Amino acid sequence: MKQKNSLPAVFLTPAMGILAVLALVPTAYAIYISFQNRELSRPDGSLIGLANYIDLFSDRRFINAIGVSLTWEAVTVGMTLLIAVGLGILLFECVSPRTRNLLALLFLVPVILPRVSAAFVWKFAFHPLYGIATYPYKAITGQPLDLLSNPATALATVALVDVWQWGLFFAVIVLKLLETLPPQPFEAARLDHARTWEIYAFIALPMLKAPLISLAFVKMIESLRAFDLIYVMTRGGPGIATETLDMYAFSQGFIESGRISYASSMAVLMMIATSIAFTFIWKRVQ
Amino acid sequence: MANIVCSSVDKQYGAVDVITDFNLDVADHEFIVFLGPSGCGKSTLLRMIAGLEDISGGTVSIGGRTVNDLPPRDRGVAMVFQNYALYPHMTIYDNIAFGLKRMKVPKAEIDTRIRAVAATLGLEPYLTRKPTELSGGQQQRVAIARAMIKTPRVFLFDEPLSNLDAKLRNHMRVEIARLHQKLKTTTIYVTHDQLEAMTLADRIVLMKGGAIEQVGTPAEIYERPRTLFVAGFIGTPNMNFIDVTTEKTEGGWLLRSAGGNFSISDGKFALRHGQPLVLGIRPADLKIAEAGANRMSGIADLVEFHGNDALVTFLFAGKEIGALVKASACPKPGDAVTFAVEPEGLHLFDRESGISLLKS
Numbered sequence: 000m001k002q003k004n005s006l007p008a009v010f011l012t013p014a015m016g017i018l019a020v021l022a023l024v025p026t027a028y029a030i031y032i033s034f035q036n037r038e039l040s041r042p043d044g045s046l047i048g049l050a051n052y053i054d055l056f057s058d059r060r061f062i063n064a065i066g067v068s069l070t071w072e073a074v075t076v077g078m079t080l081l082i083a084v085g086l087g088i089l090l091f092e093c094v095s096p097r098t099r100n101l102l103a104l105l106f107l108v109p110v111i112l113p114r115v116s117a118a119f120v121w122k123f124a125f126h127p128l129y130g131i132a133t134y135p136y137k138a139i140t141g142q143p144l145d146l147l148s149n150p151a152t153a154l155a156t157v158a159l160v161d162v163w164q165w166g167l168f169f170a171v172i173v174l175k176l177l178e179t180l181p182p183q184p185f186e187a188a189r190l191d192h193a194r195t196w197e198i199y200a201f202i203a204l205p206m207l208k209a210p211l212i213s214l215a216f217v218k219m220i221e222s223l224r225a226f227d228l229i230y231v232m233t234r235g236g237p238g239i240a241t242e243t244l245d246m247y248a249f250s251q252g253f254i255e256s257g258r259i260s261y262a263s264s265m266a267v268l269m270m271i272a273t274s275i276a277f278t279f280i281w282k283r284v285q
Numbered sequence: 000m001a002n003i004v005c006s007s008v009d010k011q012y013g014a015v016d017v018i019t020d021f022n023l024d025v026a027d028h029e030f031i032v033f034l035g036p037s038g039c040g041k042s043t044l045l046r047m048i049a050g051l052e053d054i055s056g057g058t059v060s061i062g063g064r065t066v067n068d069l070p071p072r073d074r075g076v077a078m079v080f081q082n083y084a085l086y087p088h089m090t091i092y093d094n095i096a097f098g099l100k101r102m103k104v105p106k107a108e109i110d111t112r113i114r115a116v117a118a119t120l121g122l123e124p125y126l127t128r129k130p131t132e133l134s135g136g137q138q139q140r141v142a143i144a145r146a147m148i149k150t151p152r153v154f155l156f157d158e159p160l161s162n163l164d165a166k167l168r169n170h171m172r173v174e175i176a177r178l179h180q181k182l183k184t185t186t187i188y189v190t191h192d193q194l195e196a197m198t199l200a201d202r203i204v205l206m207k208g209g210a211i212e213q214v215g216t217p218a219e220i221y222e223r224p225r226t227l228f229v230a231g232f233i234g235t236p237n238m239n240f241i242d243v244t245t246e247k248t249e250g251g252w253l254l255r256s257a258g259g260n261f262s263i264s265d266g267k268f269a270l271r272h273g274q275p276l277v278l279g280i281r282p283a284d285l286k287i288a289e290a291g292a293n294r295m296s297g298i299a300d301l302v303e304f305h306g307n308d309a310l311v312t313f314l315f316a317g318k319e320i321g322a323l324v325k326a327s328a329c330p331k332p333g334d335a336v337t338f339a340v341e342p343e344g345l346h347l348f349d350r351e352s353g354i355s356l357l358k359s
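These protein sequence lines map, in sequence, to chains R and Y. Residues in the first sequence are numbered from 0 upward in steps of one, following numbering that gives the first Met the number 0. Residues in the second sequence are numbered from 0 upward in steps of one, following numbering that gives the first Met the number 0.
Bound-form chain R, shown alone (with noise of 0.2 angstroms):
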């Protein structure tokens, strides 16, 4: 008895322990000289309490990048969920099983190319003169199209490349996820005089609540880490109109001033911000 009861310990203690050591460790160490002025710079620093918190309530960029980081995941977390939703349903409503599965396929694509390189490619396809997104505009109007350094359309721009990934992923699931619901609810509500959107309104996607959040929930945690699609087509540019937290972050710390410190108490704000936010949500949809 006494064996068997320590089998968990044995198989989870390197596990917890390379844990610790890589994740635990960085973390603790992050939020230690968030309360110094260390700078990569000079190899010393000395505590200065709260001084970088505070610093960062008066920093308009920061500010602006909690403004870029919220309406990202307002817009990737929405758009995513909607996409996802209209587009299954269309598939299940109007496309044979066959050809359904077909798409699914297609759909997959997207999410299983590295973010990375669908940054790359999406970037030259928004390219102003050789790109193929902006090609017909370029073709009509004779003036080319510049989404990405635009202000006021770069963000979204970003956002769509993020939506293509994710939206057309989450619609393969969407569809699935209407696969399996029995048909009878369906048939009845048919004969309920429910329309076919009705039916879609108050029956299906009711039933499906419980994946429907657990599919926004995962948004959201991976609309947190899109630094590196952000990074490749935009740099958190032009100007700051796509600076969101972790960017702002990476670029006071390693790119501009090697502010590590301040880098770092913003690190911990997001961390703070994030765990609660997700907490209260949490609590909420249960």
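Just so you know, the hints here were simulated from the structure itself, not pulled from any lab data. If you're wondering where the values come from, they're calculated on a predicted model, not measured in any experiment. No residue lacks a Cβ here, since even glycine has one placed at the ideal position from N, Cα and C. Possibly wrong hints are sitting among the right ones.
[As the list claims (entries may be wrong)] Restraint-style ranges between C-beta atoms, simulated for each label pair: (1) R:179 - Y:167: 47 to 57 angstroms; (2) Y:15 - R:179: 40 to 50 angstroms; (3) R:272 - Y:131: 34 to 44 angstroms; (4) Y:103 - R:113: 31 to 41 angstroms; (5) R:104 - Y:14: 20 to 30 angstroms.
Following the hints, position chain Y against chain R.
Positioned in the frame of chain R, the structure of chain Y alone reads:
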């Protein structure tokens, strides 16, 4: 209220014919039961009338209007499914109200109608619950309420009691019968249970392999089965079948079997000399008798106690024959038994075609 007319209705799935040339007139207020073994096409037919399946050929009309191309919601039908098909995320109240809301009935009227229907079906205590919190019988009652509240022109029931246990099934069967007595809505009821069919139906449509075997009142189907299949399908315990050959005698016919002969008088059946036939006798028509005509003797092999009656099985002409006798007078296994059958208890079918030879 409405009559239903099916004329030359066909259904194919790809190259497979599921229903061929189905013709039926259902009168207003009538309670029709589609009865048949699994896979005979009875549910498919019901779903075609409901509009849940396309009609491959022929026409279906409800209340004088052809409904082939109408969506289910415009046909004026309501359906009760075998597995209830309630909306799992809605309360019972919302389940029942769903159709009326879609029809844009005012809220106050919906509420009055739901209270009335819930009272009829004894659902008042459950209106705020979710379907999963109810037992099977209660769920099916909700499904009936949901169908009833729309005051449809036609009720369709697709094996509504198959998922319930035996006791509840009897109870619900009586409730459905009472409901029809009260509402008098034209009803089509699909089942594979002959007891439900016999007790509920004004007329039974007995189906096999996508075609009608016989249409008639329960008594007609029981007493004058048109085919060997109908004779074997209806009646518990099953009808006994014995292979016989005809021989003309003075004023009648002799039916020769391997176990003994039966004699019948002229007139009731259309027979030829030397015709190979199947003789059918219901177990209840066999009476213990030492004398008289048309006797069958054997050794009691198995005695099944049914309560009031007992089913005695014995070997006759190489076949197991069952006879239903009073439990008080029942022989023991191993006893020699002799049964006699009255001429009215004899059914004759052509051995080739299976068609009854009864003169109409």
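* Would you say the C-beta atoms of residue 272 of chain R and residue 131 of chain Y sit inside 34 to 44 angstroms of each other? -> holds, 38 angstroms
* Lying within 20 to 30 angstroms: is that true of the beta-carbon distance residue 104 of chain R to residue 14 of chain Y? -> Check passed, 29 angstroms falls within 20 to 30 angstroms.
* Consistency of beta-carbon spacing, residue 167 of chain Y to residue 179 of chain R, with hint 47 to 57 angstroms -> violated, 29 angstroms
* Consistency of beta-carbon spacing, residue 179 of chain R to residue 15 of chain Y, with hint 40 to 50 angstroms -> Violated - the Cβ-Cβ distance for residue 15 of chain Y and residue 179 of chain R, about 26 angstroms, lies outside 40 to 50 angstroms.
* Asked: Per the hint of 31 to 41 angstroms, is the separation of the Cβ atoms of residue 103 of chain Y and residue 113 of chain R within bounds?
  -> Because 52 angstroms falls outside the window, the suggested range is violated.
Checked against the numbered hints given earlier, this structure breaks hints 1, 2, 4; the rest are met.
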